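S.K.: For reference, the chains in residue letters:
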Amino acid sequence: MALPLGLSIAVRHLVHRRRQTLTSLVGVSLGVAFFIGIASMMQGFQRDFVNRIIDVAPHITIKDEYRLAPVQPVEAAYPGAVVELRGIKPKEEVRGLRGARAIIDALEEMPGLKVAPTLSGNILLRFGSRDISANVTGIVPDRERLVTKLEKDLIAGSLQSLYTAANGIIIGEGIALKAGIGLDDMVSVVSPEGVVMRMKVVGIFRSGLTLMDNFDTYALMKKAQVLQNRPNVINRIRIRLDDVEQAADLAKTIEARFGYRSESWQEQSSNVLGIFVIQNAIMYSTVGAILIVACFGIFNVISTVVYEKTKDIGILKSMGFRETDIRRIFVYQGLMVGIIGMLLGWALGYGLVEFMGTLDFKMEGFVRAQGFILYRTPKHYVISGAMALVASTFAAWLPARRASRMKPVDIVRGAA
Amino acid sequence: MTAPVLEARALTRELPGLVPVTLVRDINMVVEPGEFVAITGPSGSGKSSLLYLLGLLDTPTGGEVLVDGNATAGLSENQLADLRLARFGFVFQFHFLLPEFSARANVEIPMRRLRALGAKEIRARAEWLLDALGLADHADKLPEQMSGGQRQRVAIARALANDPGVILADEPTGNLDSKSAEVVFTMFRHLAREQNRAVVVVTHDTDLAATADRRIHLVDGSLA
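Chains A and B, in that order, are what the protein sequence lines are.
When you line the first sequence up against this note's numbering, it's residues 1 to 416, in that order.
When you line the second sequence up against this note's numbering, it's residues 1 to 224, in that order.
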């Protein structure tokens with residue numbers, strides 16, 4: 001009896017239509033639960049991927065390329081003139097990053113970042129009768145340590161032994177498995193320049209990013225320069241930031257200052273990040289569809305109640321209930337289904353996530369993972385709850401409005 | 001002299017349409033406190049329509065209704081609802097009790113809507129009203145557990161909940177056996193004479209109507 005009048009009428013209506021109410025409750029709670037489960041799974045995977053990229057890959061890479069073709073003299077002399085030059089391509093730098101030393105010095109004066117110069121190029125790894133094309137990155141191990149976590153990713157060997165071995169090379173786990181190469185094996189490395197070098201595998205790394213594990217190798221800078229026949233050339237400067245979020249802005253600044261193409265990690269992984277956007281859109285629309293179906297359920301129950309309770313509406317209105325009083329009775333009903341459905345859905349969703357957490361299987365896509373990578377956050381509960389409440393209130397609103405607009409005289413006359 | 005509780009001036013109600021139908025035509029009438037008025041007439045004569053107009057449930061197409069001497073023509077839906085809540089009690093042919101609520105809870109509903117009394121007083125008044133109507137033992141019963149006469153008395157108790165000045169009843173005995181009908185009518189007479197309320201009852205039962213202070217006979221929507 002402590003309940004407000006409208007609420008107590010609403011409760012009785014729902015209790016009266018127990019089965020239909022339960023059906024729509026199940027609909028709402030399933031929608032909420034699935035949202036929590038799917039969102040936790042997808043965001044878990046996405047965040048894991050991004051974290052790995054941030055860990056493994058440099059946050060900004062300065063390349064020896066230009067984004068645009070250089071401005072031609074005729075265009076400089078006659079800006080805006082009707083001149084068209086065709087077939088002009090962005091300049092290629094045979095000599096790598098010019099003035100790399102100066103760029104590195106300038107970068108190192110900026111706060112919150114670490115810099116490592118590299119030279120990367122293609123090679124062919126030959127082990128026995130196996131040929132594997134790969135990418136070799138010439139590094140300075142002491143600097144590399146600051147910029148990527150290659151050292152932590154090593155599952156065999158060490159970064160330091162690049163210095164001690166005569167011709168050391170570190171390869172990805174994918175390459176090692178494909179060719180059956182083990183630690184301390186000797187491989188032949190052939191470069192497009194025709195240089196052949198016998199190198200010793202001094203390390204094997206596993207980054208978890210499939211692409212890197214299958215294609216990347218590391219060697220000392222000097223060896224890479226010999227392989228590529230580009231003595232003293234650096235063609236990449238890799239930067240690690242303390243604050244990852246600044247990568248895109250800083251990349252622009254650097255590009256504007258030095259002219260070389262500078263890519264943030266977002267730009268380098270834009271293909272995958274783009275897939276995430278689509279994934280999220282699919283998730284939201286799937287869960288949205290579940291909730292819409294649940295809403296039809298709510299709409300159905302409340303419409304039925306309104307139809308059945310026409311006489312009650314008539315008497316309530318004739319005894320002096322206002323339109324808002326009547327509307328409230330039926331909106332309450334939707335809201336109650338929404339709230340209870342939301343709570344049930346939260347419990348169900350929590351259980352679903354915990355259950356998925358116990359599943360164990362191997363997965364290899366963009367990343368290698370063991371079981372589902374789950375992301376648990378109150379945000380998912382808030383979003384799904386809000387969606388459930390908004391949807392159920394809206395579903396109740398339509399029949400509630402119809403009920404509130406009924407004319408008492410039509411009802412009492414019709415019944416008499 | 002104080003204003004009459006209820007007054008109709010040139011009250012007319014037409015249903016629009018290709019062939020407009022006139023339900024009530026040019027009715028003038030005054031109901032004083034303590035008066036028990038019966039509206040009679042053959043079916044289709046507009047008795048109920050007149051009652052709905054008097055009870056502010058329907059809007060006239062011509063003329064006006066005055067409650068306590070005040071015009072009601074310009075009032076909003078909400079104002080009309082508030083006026084009905086405080087000043088009118090309705091009894092219909094069908095009891096229209098909310099089936100999920102006990103007799104006492106049904107009687108409490110108008111008081112809980114008006115919010116003039118606290119929860120304890122509302123409960124006490126509901127029990128007092130049921131007791132006054134001889135239903136003290138049935139307060140906790142659901143409508144479906146009661147007889148037709150008992151339900152109609154609960155409906156009357158509900159109509160009295162907010163102590164209205166006017167009781168309007170539309171064929172209140174239409175579904176009752178003659179004995180129950182007699183009880184209900186006695187009650188209406190009592191409400192008018194002892195409690196000084198205006199009671200307007202629509203009925204086609206001429207014997208019962210004969211017991212009223214005044215009879216208004218309608219034919220084809222007009223006073224006859």
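Heads up, some of the hints might be wrong.
Over 12 Å on every C-beta distance to chain A, these chain B residues come out as not near it, computed from the model [unchecked claim]:
1. Ser48
2. Glu77
3. Leu80
4. Pro164
5. Asp177
Derived SDA-like pairs (lysine to any residue); straight-line CA-CA distance at most 20 Å [to be verified]:
6. A/Lys311 with B/Pro4
7. A/Lys63 with A/Asn135
8. A/Lys311 with B/Gln93
Keep in mind the hints are simulated off the structure, nothing from the lab.
Predicted model, so just to flag it, every value in this text is computed and none were measured.
C-beta atoms are modelled at their ideal positions from N, C-alpha and C, and glycine is treated no differently.
S.K.: For every hint, state whether the structure bears it out.
M.R.: Going through the hints against the structure:
no., hint, result
1, Ser48, "violated (7 Å)"
2, Glu77, "violated (6 Å)"
3, Leu80, "violated (9 Å)"
4, Pro164, "violated (10 Å)"
5, Asp177, "holds (19 Å)"
6, A/Lys311 with B/Pro4, "violated (31 Å)"
7, A/Lys63 with A/Asn135, "holds (15 Å)"
8, A/Lys311 with B/Gln93, "holds (12 Å)"
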